[in-house]
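**Student:** Please work from the sequences and hints to get the whole structure.
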Amino acid sequence: MTDTNMRLRLPVVCIVLEVILIILFGILVEYDSNTDAKKWHANTTIDMDNEFYYRYPSFQDVHVMIFIGFGFLMTFLQRYGFSSVGFNFLIAAFSLQWATIMQGVLHSIHHGSHGVKIHVGVLNMINADFCTGSVLISFGAVLGKTSPIQMLIMAIFEVTLFSVNEFILLEYLGAKDAGGSMTIHTFGAYFGLMVTRVLYRPNLSKSKERNSSVYHSDIFAMIGTIYLWMFWPSFNSAITAQGDDQHRTALNTYYSLAACTLATYGFSALVNHEGKLDMVHIQNAALAGGVAVGTAGEMMLTPFGSMIVGFLAGTISVLGYKYLSPILESKLKIQDTCGVHNLHGMPGVLGAIVGAITAAAASPSVYGLGIVDVFPDIKEDYTASYQASMQIASLAVTLAIALLGGLIVGFLLKLPICGAPPDTLCFEDSVYWEMPGEEEGHGELTTVKTPEETDKLN
Amino acid sequence: MTDTNMRLRLPVVCIVLEVILIILFGILVEYDSNTDAKKWHANTTIDMDNEFYYRYPSFQDVHVMIFIGFGFLMTFLQRYGFSSVGFNFLIAAFSLQWATIMQGVLHSIHHGSHGVKIHVGVLNMINADFCTGSVLISFGAVLGKTSPIQMLIMAIFEVTLFSVNEFILLEYLGAKDAGGSMTIHTFGAYFGLMVTRVLYRPNLSKSKERNSSVYHSDIFAMIGTIYLWMFWPSFNSAITAQGDDQHRTALNTYYSLAACTLATYGFSALVNHEGKLDMVHIQNAALAGGVAVGTAGEMMLTPFGSMIVGFLAGTISVLGYKYLSPILESKLKIQDTCGVHNLHGMPGVLGAIVGAITAAAASPSVYGLGIVDVFPDIKEDYTASYQASMQIASLAVTLAIALLGGLIVGFLLKLPICGAPPDTLCFEDSVYWEMPGEEEGHGELTTVKTPEETDKLN
Amino acid sequence: MTDTNMRLRLPVVCIVLEVILIILFGILVEYDSNTDAKKWHANTTIDMDNEFYYRYPSFQDVHVMIFIGFGFLMTFLQRYGFSSVGFNFLIAAFSLQWATIMQGVLHSIHHGSHGVKIHVGVLNMINADFCTGSVLISFGAVLGKTSPIQMLIMAIFEVTLFSVNEFILLEYLGAKDAGGSMTIHTFGAYFGLMVTRVLYRPNLSKSKERNSSVYHSDIFAMIGTIYLWMFWPSFNSAITAQGDDQHRTALNTYYSLAACTLATYGFSALVNHEGKLDMVHIQNAALAGGVAVGTAGEMMLTPFGSMIVGFLAGTISVLGYKYLSPILESKLKIQDTCGVHNLHGMPGVLGAIVGAITAAAASPSVYGLGIVDVFPDIKEDYTASYQASMQIASLAVTLAIALLGGLIVGFLLKLPICGAPPDTLCFEDSVYWEMPGEEEGHGELTTVKTPEETDKLN
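Chains as they are written, first to last, in UniProt numbering: chain A, 1 to 458; chain B, 1 to 458; chain C, 1 to 458.
Warning: the hint list may mix true and false statements.
Each pair may be met inside one copy or between any two copies, as identical chains are not told apart.
Below, in silico cross-link-like pairs of lysine-lysine (BS3-like), each with a Cα-Cα straight-line distance of 30 Å or less [to be verified]: (1) Lys322 <-> Lys333; (2) Lys38 <-> Lys379; (3) Lys39 <-> Lys117; (4) Lys39 <-> Lys379; (5) Lys208 <-> Lys331; (6) Lys206 <-> Lys414; (7) Lys322 <-> Lys379; (8) Lys38 <-> Lys333.
The set of hints was computed from the structure by calculation and includes no laboratory data.
All values derive from a computational prediction rather than experimental measurement.
**Tutor:** The following block contains the structure:
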């Protein structure tokens with residue numbers, strides 16, 4: 001049985017990582033021309049031209065999705081609410097800093113001429129949050145079975161691999177993926193699934209009574225769901241080109257999600273023998289429509305096309321939860337706590353394919369002069385069908401890096417020093433958190449732990 | 001006793017409705033000149049002129065009000081949290097699509113010249129959300145006593161009638177109602193009240209132990225309240241003219257709500273024999289100030305005038321909850337679960353009257369050149385007092401369509417195939433939802449239903 | 001034992017205050033040139049120039065922090081959730097109106113030429129919310145031990161003193177403090193700490209079983225924490241100069257908070273003998289990074305500098321909770337319910353010092369032409385080091401006014417007519433709120449109070 005005491009390990013990891021980050025920021029990071037007082041005032045006199053006014057509201061919506069959306073979505077577990085929202089908070093706060101460095105360094109090496117310097121503004125904040133989202137998807141796969149140390153180590157490697165994959169897709173393959181169907185969702189899901197496969201626990205059933213929700217925890221989780229759902233139009237449009245592109249992407253995502261929601265409710269009732277709705281489906285599958293238009297949302301997908309994609313995404317997601325997840329667990333030994341395969345994996349792949357098909361149909365007759373914003377590479381010798389093939393190649397690269405990366409990182413996380421919880425104490429906050437007193441239904445209030453609880457944890 | 005099993009009915013309704021919507025979108029809906037790549041780039045080179053940057057932050061606030069605000073406000077019921085937030089989600093996701101079609105078709109018939117085509121952008125998204133809000137108000141009146149099928153059928157008809165009423169008011173009568181005191185609140189409330197009157201259940205007291213809140217459910221409901229309260233300035237200003245109009249409307253609403261809140265706390269303590277505050281008042285009446293400046297908020301109401309209106313709205317709302325609601329139930333057989341008459345009905349009518357009075361006082365000496373934004377019709381032969389009479393006529397039309405529509409739709413919803421819950425199982429999630437295990441206060445955790453609970457539901 | 005019945009007192013106070021506010025608004029408040037239809041249209045034809053589009057999204061984020069952030073952060077107490085979010089709501093709704101008057105009158109006297117008139121727009125809304133934030137910080141210090149009457153009286157005086165202090169700092173001393181490290185956080189914390197010192201209750205331990213959290217209340221509190229954390233970049237940048245200043249401030253705050261969070265987790269585990277994380281630290285100390293860059297955030301602090309400041313803030317905040325708060329309570333008799341000294345007091349002072357140091361380093365070589373936005377006073381005879389000394393003088397003035405003001409107001413609040421709760425009923429909602437029925441863990445549901453509970457409260 002591993003030692004789960006975090007007394008020295010967590011402080012050392014947190015503080016060392018933060019000190020390293022501060023040093024790297026000190027060496028590498030500078031304000032960009034929109035955030036630097038001198039540079040901005042040397043270039044312009046029109047304040048409204050600042051990128052801030054085009055992006056910051058979208059950034060804040062994305063920020064809510066990362067910290068409230070992901071954090072609360074995972075509070076569905078009855079005894080893991082502190083860890084769900086609290087480790088989400090920790091991992092995200094680390095990842096966004098590390099992603100700033102990794103994404104910035106790769107970008108700087110590629111574009112820079114005067115040595116490696118990272119120039120930061122709101123786009124870096126959005127991209128850092130995006131990368132963080134990918135890590136949180138993987139977190140969903142292993143939720144309840146890992147220590148905060150393991151999660152921080154996973155984040156170190158996953159942010160790195162995410163940035164490499166994103167760089168290959170966007171810079172070398174010329175892929176379009178503004179909402180991250182591939183870079184964020186497919187990558188995060190399959191990386192996390194491979195990690196959880198490597199960390200397979202044959203005796204996880206010892207904690208099975210805690211691997212489920214209770215009434216209030218399901219309502220807390222709905223806070224996460226609804227915020228993710230509402231702000232997904234901002235997520236997909238946050239880094240698209242200004243003007244019609246941001247506008248169109250938000251619109252497409254809005255209708256995709258609405259169609260997805262009706263599919264989710266319909267199929268959730270259909271697959272239940274009493275015709276009852278299942279909160280797991282509502283909390284998760286209703287969001288698949290956002291994932292599935294992550295690539296094509298900025299394209300001329302039409303609202304009609306977006307709704308078809310959303311409808312399909314909701315359908316496969318519900319069916320995945322009902323029929324595929326049990327098979328993945330029993331046959332492939334993939335214990336996917338949040339079902340990220342159904343919410344991010346399959347809908348992400350769907351989104352990649354839809355993106356390729358939509359790209360293949362691109363033409364100046366549809367996009368007019370706007371084609372340079374959506375497909376800057378498409379010119380005489382670089383056709384729409386070539387773009388489509390690059391989109392498919394991007395999906396393949398993403399799956400390869402995610403699966404291979406997850407495999408290696410999974411083995412790293414098996415080191416006993418990481419302090420993973422024993423099989424009997426998975427999905428249990430009290431392993432890593434000082435617990436408050438129990439609530440009582442009958443008026444007496446107590447702040448001490450019951451003896452049984454104290455025993456159980458020692 | 002009706003059969004509440006949704007196994008086939010809900011999937012059929014959801015999927016058929018969504019397929020119809022997708023077909024209608026395929027035939028009718030196109031991007032507008034702000035979301036279409038070709039049209040946008042043919043017209044402009046200044047990205048910041050895109051309507052997106054004027055409206056999208058407001059849209060997102062409205063979106064939060066619809067999905068979090070309404071959804072969580074209704075979670076106050078102790079055993080109806082899944083349904084409150086979950087059916088709210090379903091109905092809203094359907095209604096916003098259907099509203100896009102209905103509002104768009106009416107607008108297109110009126111303005112279009114080349115056949116019926118609906119051109120969509122962020123204004124359509126806001127207007128669709130607005131129409132959805134009206135349906136959710138009606139949902140509040142019948143909350144706990146209806147099946148999801150009934151709610152979807154109600155939404156089909158209510159969206160249609162809402163769109164017709166809105167069209168008459170805005171296009172034929174030339175009424176101003178940017179925040180929807182009439183079109184959204186008065187309409188939604190009286191429509192819902194008539195539906196709940198028709199669906200009157202003489203034996204509803206069989207479920208009375210569940211028709212109330214518990215401690216945590218009241219705190220969940222406050223999430224809804226506070227979000228509605230905070231974002232109401234965005235709601236009322238979302239579709240007003242750009243510039244000073246949006247700014248002024250947000251400002252008026254801000255001060256109206258603040259004044260309303262003090263009135264609510266004061267009167268809530270006053271009407272309680274121990275001087276204690278009642279959560280029902282705080283959750284609802286404090287919002288009446290937003291409803292009551294829904295029409296006049298964009299006008300030169302002054303902050304001072306807004307505060308008077310807010311103060312009155314909070315006062316009548318608390319008094320309504322305390323004294324009028326019991327009479328409506330006992331004498332008029334109106335079982336209004338959320339008290340929408342007090343939050344949306346009376347304050348909506350107040351808002352309509354305030355709007356007429358404020359319109360009557362309009363003059364170029366107050367509005368300057370800005371009068372064309374607020375009252376585009378007021379010219380030499382179309383006086384401010386004529387505008388005021390049109391505002392009052394609009395209120396009358398709204399009440400007539402709402403009451404008549406609610407009457408007819410109420411009878412439709414009595415069809416046994418709708419699967420309404422029996423009197424003994426109103427306000428109970430387990431009728432339509434797969435329930436998680438019970439929470440325990442003493443450390444043991446269980447995921448199975450207690451036998452009593454299982455019995456009770458069969 | 002004082003009488004806690006609010007039947008007449010609360011209505012009188014609320015209604016009289018609101019009537020006075022309405023009269024003052026009627027006499028003093030007018031639309032500004034961005035919200036007045038006539039003035040706006042006389043000046044411009046470009047809608048996007050309206051201040052609304054530069055500030056309103058930031059305002060809404062600040063608004064969420066005030067009403068959801070502060071409100072839910074304080075719901076951590078197990079039996080004080082209604083009061084936490086409900087009194088927060090009441091106090092804030094009052095304070096924002098009163099702050100509009102007080103801040104406006106002082107500004108008008110200073111700048112006005114044609115009599116005292118207050119011209120309002122979105123900047124007034126933000127500043128009013130800021131002042132409200134300061135009152136809510138003080139509320140955190142006395143949480144659970146005061147009546148709503150006391151809180152409203154405190155708000156009347158604190159808003160007044162806040163406005164005077166802010167006026168002295170910004171207008172006379174020429175201090176920069178856009179995010180309010182001094183004006184909001186330091187002022188609110190030390191004012192509240194002095195009030196709670198004067199209101200010291202030697203027998204508060206009679207309520208100690210309620211002065212703690214339970215599992216769900218800690219998760220509710222995390223809603224407040226996460227919203228404060230996410231939107232702090234908007235808070236600090238809401239009133240800075242347009243363009244690069246807003247952008248840079250948001251960026252600095254983003255990285256400061258991320259670094260602060262890692263420090264918080266690290267030190268929280270370090271100071272616990274089992275290495276477990278403490279929710280109190282996570283809920284509070286992780287926010288200190290926002291407080292500590294409240295002054296310097298708009299300056300050229302660099303992301304690297306921001307992270308160092310955030311890291312220090314998180315560290316001193318955790319150590320404060322662990323080691324200093326118990327000493328303050330036992331030695332200095334300061335019963336600081338929420339630990340505002342650790343979240344707002346010390347980090348606020350740190351922020352003031354960082355601001356002075358950063359100002360001292362200002363030069364045109366770093367800021368270019370942008371220096372006039374950040375330091376409009378720095379010219380030939382007004383050096384950066386003079387600016388720095390004014391920053392330090394501002395901290396001293398703030399501490400003096402806060403401590404002296406808190407002392408006087410604390411004694412005022414001891415008047416028996418205020419209806420403070422007895423020592424045995426602190427941290428208890430049922431003193432001032434009509435309570436719902438108890439939740440049961442075993443399927444039976446009841447809406448009546450248990451006899452013991454009824455007895456206890458009478």
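**Student:** If a hint holds in the structure, say so; if it does not, say that too.
**Tutor:** Now the hints, each set against the structure:
no.	hint	verdict
1	Lys322 <-> Lys333	within (17 Å within a copy, 43 Å between copies)
2	Lys38 <-> Lys379	between (38 Å within a copy, 17 Å between copies)
3	Lys39 <-> Lys117	within (15 Å within a copy, 39 Å between copies)
4	Lys39 <-> Lys379	between (34 Å within a copy, 20 Å between copies)
5	Lys208 <-> Lys331	within (18 Å within a copy, 48 Å between copies)
6	Lys206 <-> Lys414	within (19 Å within a copy, 49 Å between copies)
7	Lys322 <-> Lys379	neither (45 Å within a copy, 63 Å between copies)
8	Lys38 <-> Lys333	neither (57 Å within a copy, 50 Å between copies)
Consistency with the previously given hints fails for numbers 7 and 8, ordered from lowest to highest.
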